Amino acid sequence: MIRSTSIALVCALSAWQAQPAFAYIKFGVPAGGRTVTLKWSQTPRYFVTTDTVPGVSAADFQGAVARAFATWEAVPTSTIAYQLAGTTSARPTEDDGSSVLGFLDRPDLDRVLAATDFVIDVTTGALIESDIFFNSAFQWSTAGEASRFDLQSIALHEIGHFSGLGHSALGETELREGGGRRVIAAQAVMFPIAYAAGSTEGRTLKADDIAGITDIYPTSDVNATLGSISGRVTKDGQPVLGAHVVAFDPSDGSMVGGFTLNNQGSFSIGSLSPGPHIVRVEPLDDADTDSFFSATARVELNFRVMFVDRVIVVPRGGDSGSVAIAVIGK
Amino acid sequence: MTRRRAVAALAVALAVRASAVRAQPVIVPGRLEIGIGPQWTGHAALGSRNANETTGAGSPFTLFSSSTDLASATGLEARIGVRVLRRLEAEVVGSYATPSLVIQTSADSESAPGVAAKERLRQFTIHGAAVWYVPARRAGARTAPFVTAGVGYLRHVHEKDVLLAGGTVYEAGAGIKQLLVSRDRRRLKGVGVRADVRAVARAKGVAPDGGTHVSPAVTASLFVRF
Numbered sequence: 001m002i003r004s005t006s007i008a009l010v011c012a013l014s015a016w017q018a019q020p021a022f023a024y025i026k027f028g029v030p031a032g033g034r035t036v037t038l039k040w041s042q043t044p045r046y047f048v049t050t051d052t053v054p055g056v057s058a059a060d061f062q063g064a065v066a067r068a069f070a071t072w073e074a075v076p077t078s079t080i081a082y083q084l085a086g087t088t089s090a091r092p093t094e095d096d097g098s099s100v101l102g103f104l105d106r107p108d109l110d111r112v113l114a115a116t117d118f119v120i121d122v123t124t125g126a127l128i129e130s131d132i133f134f135n136s137a138f139q140w141s142t143a144g145e146a147s148r149f150d151l152q153s154i155a156l157h158e159i160g161h162f163s164g165l166g167h168s169a170l171g172e173t174e175l176r177e178g179g180g181r182r183v184i185a186a187q188a189v190m191f192p193i194a195y196a197a198g199s200t201e202g203r204t205l206k207a208d209d210i211a212g213i214t215d216i217y218p219t220s221d222v223n224a225t226l227g228s229i230s231g232r233v234t235k236d237g238q239p240v241l242g243a244h245v246v247a248f249d250p251s252d253g254s255m256v257g258g259f260t261l262n263n264q265g266s267f268s269i270g271s272l273s274p275g276p277h278i279v280r281v282e283p284l285d286d287a288d289t290d291s292f293f294s295a296t297a298r299v300e301l302n303f304r305v306m307f308v309d310r311v312i313v314v315p316r317g318g319d320s321g322s323v324a325i326a327v328i329g330k
Numbered sequence: 001m002t003r004r005r006a007v008a009a010l011a012v013a014l015a016v017r018a019s020a021v022r023a024q025p026v027i028v029p030g031r032l033e034i035g036i037g038p039q040w041t042g043h044a045a046l047g048s049r050n051a052n053e054t055t056g057a058g059s060p061f062t063l064f065s066s067s068t069d070l071a072s073a074t075g076l077e078a079r080i081g082v083r084v085l086r087r088l089e090a091e092v093v094g095s096y097a098t099p100s101l102v103i104q105t106s107a108d109s110e111s112a113p114g115v116a117a118k119e120r121l122r123q124f125t126i127h128g129a130a131v132w133y134v135p136a137r138r139a140g141a142r143t144a145p146f147v148t149a150g151v152g153y154l155r156h157v158h159e160k161d162v163l164l165a166g167g168t169v170y171e172a173g174a175g176i177k178q179l180l181v182s183r184d185r186r187r188l189k190g191v192g193v194r195a196d197v198r199a200v201a202r203a204k205g206v207a208p209d210g211g212t213h214v215s216p217a218v219t220a221s222l223f224v225r226f
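These protein sequence lines are chains A and B, in that order.
Anchor point for the first sequence: position 24 equals 24 in the working numbering, and the numbering is continuous, going up by one each time.
Anchor point for the second sequence: position 5 equals 5 in the working numbering, and the numbering is continuous, going up by one each time.
FYI, nobody ran anything at the bench for these hints, they're computed from the structure.
What you are looking at is a predicted structure, and each value in this text was computed from that prediction instead of being measured.
Glycine is no exception: its CB is placed at the ideal position from the N, C-alpha and C atoms.
A hint or two may mislead.
Stated by the list, open to error - Label pairs and their in silico Cβ distance ranges:
| hint | chain 1 | residue 1 | chain 2 | residue 2 | range |
| --- | --- | --- | --- | --- | --- |
| 1 | B | Gly166 | A | Asp309 | 37 to 45 Å |
| 2 | B | Gly211 | A | Ala326 | 40 to 48 Å |
| 3 | A | Asn223 | B | His43 | 45 to 53 Å |
| 4 | A | Asp285 | B | Gly210 | 48 to 56 Å |
As the list claims (entries may be wrong) - Once the Cα atoms are required to be at most 20 Å apart in a straight line, the calculated EDC-like pairs of lysine to aspartate or glutamate come out as:
| hint | chain 1 | residue 1 | chain 2 | residue 2 |
| --- | --- | --- | --- | --- |
| 5 | B | Lys204 | A | Asp105 |
| 6 | A | Lys330 | B | Asp209 |
| 7 | B | Lys118 | A | Asp252 |
| 8 | B | Lys118 | A | Asp309 |
| 9 | B | Lys118 | A | Asp319 |
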């Protein structure tokens, strides 16, 4: 087994502004000369530290983290499960083969609430270790207190990364006067910017999160019961990288997003309920693009938000067939 | 007589007064009827749904709105009817049409132009119906007004043979049969035309709200009787 000697990926949940991270609903990592989905090949075991911060005891911390893990485990279409291994005095960023969750005092990261890092087997892409730290430079609460960030909500987001999920773009933001962004609304726990302090709305998984975890760890019947939409986005005949494509199901109002992820402008949105869907395409303008793509990626932002002018039918256990979408410059 | 009235009451909520029932001859001869003809079904509004996100306070933020319709469509309807009583027939009716499912988007929070996204479906129905010939003093000898009602199965299929949804169809209405040819002593006892207007209620199917939605329907058909 060859282990990477450095942390391969870092995902951070920002209080006001997104930090560098990777793309979309699941991470792709190079392994053995190909790109594979980042995932655990066995039930991940995790330790929690006994460190405390004002307002959060060790028991509070462990309880909030346990509830967040349980929320992901409760997704009925996913097999993901986690195992608490116990408490530890190790720091959550040590590359020691143990996955650790705990507080870390990082006042230098003044816009990062929490972050997740990984150690990956570079031959298989399997996760070996994943640590989560919560920045104790911020005020935390497990009871939804005003002016304090909700630990369970932030843990839910970070455990999404811990499980292999990237960021979702299902959210709306506005620029703040002092810099950074403020969330107006979101419809995914995996949106890269947190709700304001005091909110506990991030404790509930949304359709986009559920589709994401299902895509990585599907139950045996998912491939026969759910479907997908795939297609290609172009602008002036050229493929578009980084278009945010959202499938809306009018039967329940759910939305699941995906991105065009390659130089062909291709996208695929999986784990969708069968039936008619509306497809909406927008540029990634509600968070920094490096919340989703590497900083060197040439993400196209100069096009108008649009709807596909036909109803896209998701077949049960199949794909819609390629949907061609031509976007128009602003 | 009591049984006939009960059947009539079940057949359709039409003002057929028992006191007006008179012993008039039913002019449609024969026991078995086979008919086929075009059917037009009107538009049905299938409900609306917002694409909502959630604010930090838990209130909805509408990204855009949508409303779903099943467009009007012309299709084909075929029926086989058997006389059960003197004025009552039981029918098995099948229909096929290709209405468009239309989802209109509007009020996009980022000013995306609304669209009327469409996709053609195939709609199959099969249902059982009762036809009650209404005594009518002014009807001609070859004319038979009737009321009808039925219930059956609805199936919406996408063009790729994907079953989108099943549901239930309820129909009630009235019409008239006009006999063109009548031959009492032959195996083929009659040929005629039929026209009827019905209210068609489609429950579930592709309706996003899972509800029941009513449309008008008009059918004209040619029938033969044996």
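Do the hints match the structure? See the list:
1. B/Gly166 / A/Asp309: 37 to 45 Å: violated, 28 Å
2. B/Gly211 / A/Ala326: 40 to 48 Å: Once the Cβ atoms are compared, 36 Å apart, the range 40 to 48 Å for A/Ala326 and B/Gly211 is violated.
3. A/Asn223 / B/His43: 45 to 53 Å: Once the Cβ atoms are compared, 37 Å apart, the range 45 to 53 Å for B/His43 and A/Asn223 is violated.
4. A/Asp285 / B/Gly210: 48 to 56 Å: About 35 Å separates the Cβ atoms of A/Asp285 and B/Gly210, which means 48 to 56 Å is violated.
5. B/Lys204 / A/Asp105: violated, 55 Å
6. A/Lys330 / B/Asp209: violated, 35 Å
7. B/Lys118 / A/Asp252: holds, 19 Å
8. B/Lys118 / A/Asp309: Status holds; Cα separation ~7 Å.
9. B/Lys118 / A/Asp319: holds, 18 Å
Taken one by one, the earlier hints fail for this structure at numbers 1, 2, 3, 4, 5, 6, listed in ascending order.
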